[in-house]
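Engineer: Let's have the full structure, built from the sequences with the hints guiding it.
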Amino acid sequence: MSKVKAAVIGAGSWGTALAQVLADNGHSVQLWGRRNELSAEINETHVNSRYLPDVVLDPAIKAYSDLADTAADNDYIVCAVPTKAIRDTIKQLRPLLHANSILVHASKGIEPGTFKRISEMMEEELEGVTYKAVAVLSGPSHAEEVGIKQPTTVAVSSKDAEAAASVQDLFMNNYFRVYTNEDMIGVEIGGALKNIIALGIGMTDGLGYGDNTKAALMTRGLAEITRLGVALGANPMTFIGLSGLGDLIVTCTSEHSRNWRAGRLLGQGKKLDDVLDEMGMVVEGVRTTKAVFELAKTENVEMPITSALYSVLFEEEPPLQAADRLMGRMKKNEEESSFMGRNEGGRKN
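Going by numbering that gives the first Met the number 0, the sequence shown opens with residue 0, and the numbers climb by one from there.
Derived from the structure by calculation, the hints contain no laboratory data.
Just to be clear, a hint being listed does not mean it is correct.
DSS-like mimics (lysine-lysine), calculated; alpha carbons at most 30 Å apart, straight line [to be verified]:
hint, residue 1, residue 2
1, Lys-289, Lys-158
2, Lys-2, Lys-61
3, Lys-90, Lys-4
4, Lys-213, Lys-90
5, Lys-269, Lys-289
6, Lys-2, Lys-131
7, Lys-83, Lys-61
8, Lys-270, Lys-296
9, Lys-148, Lys-61
10, Lys-131, Lys-61
11, Lys-289, Lys-148
12, Lys-289, Lys-83
13, Lys-270, Lys-289
14, Lys-289, Lys-213
15, Lys-2, Lys-148
16, Lys-331, Lys-83
17, Lys-83, Lys-131
18, Lys-213, Lys-270
19, Lys-270, Lys-83
20, Lys-158, Lys-2
21, Lys-213, Lys-269
22, Lys-269, Lys-83
23, Lys-4, Lys-213
24, Lys-296, Lys-158
25, Lys-331, Lys-289
26, Lys-158, Lys-90
27, Lys-213, Lys-296
28, Lys-90, Lys-61
29, Lys-90, Lys-131
30, Lys-131, Lys-213
31, Lys-83, Lys-158
Structural biologist: Below is the structure:
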């Protein structure tokens, strides 16, 4: 595609890596971070030493700590901030948008209380504003590997197919391959819920369990993700794709994963508050576990792994006890318990 101006909101590891992808594609890139010293470091040394220290950034990336300076007059605005910061960020972006603005979110989570996906939160905050579309970019993509140009594949989805195709063109290059997917619900649900399962697998690693346990949790975790996704209107095939199974694999098996690392610390006996302090970065799976536990109850969808993690995170159940309780559940038929979608007595999908 022709070279464009693009703003990336959020100078964490993922936002910085995406800014580098855009710069590699020859686009003019403005990167926003909250702290003046971080923006100064990126502009002067072309390194983000806190979040992506091993990557030398393209000098074409210009960093700012003022949101208006970053986002004004850009056709593409990529939001790579934590879920809890989405609403406030979009409120600040409202006056900077125009009729051709495409907002791409690269975050993964569900809002507690409202149970809204990130695109729904954005659309709600943009009510009354003229813009072209909201899109989601998701898939198996550790920032540390994208930053050093290792082959990566992701999916982009939007209600506006033309906008999704333009975002595909914006990001795609010889190491960052982008597929389009029409199922926005499934893409967002898969990206958000895999963090819950990664917490669980990290926890079992912390307990000293091995590969059998990991395979069991990933497989049954995918069944839970699919059940809830289908209940919310997603295409079940999405969950065997990049933003489902693909993202689940990479998040559950890599030390790059914050959620896996946090889960491992919990399995080793550390308290949640201490784990979050030690991590020093947002662990999206914690907040998402609370939201999805409550959402599953309202939708009458059975999610035993999520329920067990909720008990550990928010009710202080010992991880070993939660694992034993999961294994002691009543016997099931694998196919039916994977895809029926609702608890016994509820409407079946």
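Engineer: Evaluate each hint against the coordinates.
Structural biologist: Right, here's what the structure says about each hint:
| no. | hint | verdict |
| --- | --- | --- |
| 1 | Lys-289 with Lys-158 | holds, 27 Å |
| 2 | Lys-2 with Lys-61 | holds, 16 Å |
| 3 | Lys-90 with Lys-4 | holds, 21 Å |
| 4 | Lys-213 with Lys-90 | violated, 41 Å |
| 5 | Lys-269 with Lys-289 | holds, 19 Å |
| 6 | Lys-2 with Lys-131 | holds, 19 Å |
| 7 | Lys-83 with Lys-61 | holds, 25 Å |
| 8 | Lys-270 with Lys-296 | holds, 26 Å |
| 9 | Lys-148 with Lys-61 | holds, 20 Å |
| 10 | Lys-131 with Lys-61 | holds, 25 Å |
| 11 | Lys-289 with Lys-148 | violated, 35 Å |
| 12 | Lys-289 with Lys-83 | holds, 13 Å |
| 13 | Lys-270 with Lys-289 | holds, 17 Å |
| 14 | Lys-289 with Lys-213 | holds, 22 Å |
| 15 | Lys-2 with Lys-148 | holds, 20 Å |
| 16 | Lys-331 with Lys-83 | violated, 37 Å |
| 17 | Lys-83 with Lys-131 | holds, 24 Å |
| 18 | Lys-213 with Lys-270 | holds, 22 Å |
| 19 | Lys-270 with Lys-83 | holds, 22 Å |
| 20 | Lys-158 with Lys-2 | holds, 24 Å |
| 21 | Lys-213 with Lys-269 | holds, 20 Å |
| 22 | Lys-269 with Lys-83 | holds, 24 Å |
| 23 | Lys-4 with Lys-213 | violated, 43 Å |
| 24 | Lys-296 with Lys-158 | holds, 28 Å |
| 25 | Lys-331 with Lys-289 | holds, 26 Å |
| 26 | Lys-158 with Lys-90 | holds, 21 Å |
| 27 | Lys-213 with Lys-296 | holds, 26 Å |
| 28 | Lys-90 with Lys-61 | holds, 23 Å |
| 29 | Lys-90 with Lys-131 | holds, 17 Å |
| 30 | Lys-131 with Lys-213 | violated, 42 Å |
| 31 | Lys-83 with Lys-158 | holds, 23 Å |
In summary, the numbered hints that this structure violates are 4, 11, 16, 23 and 30.
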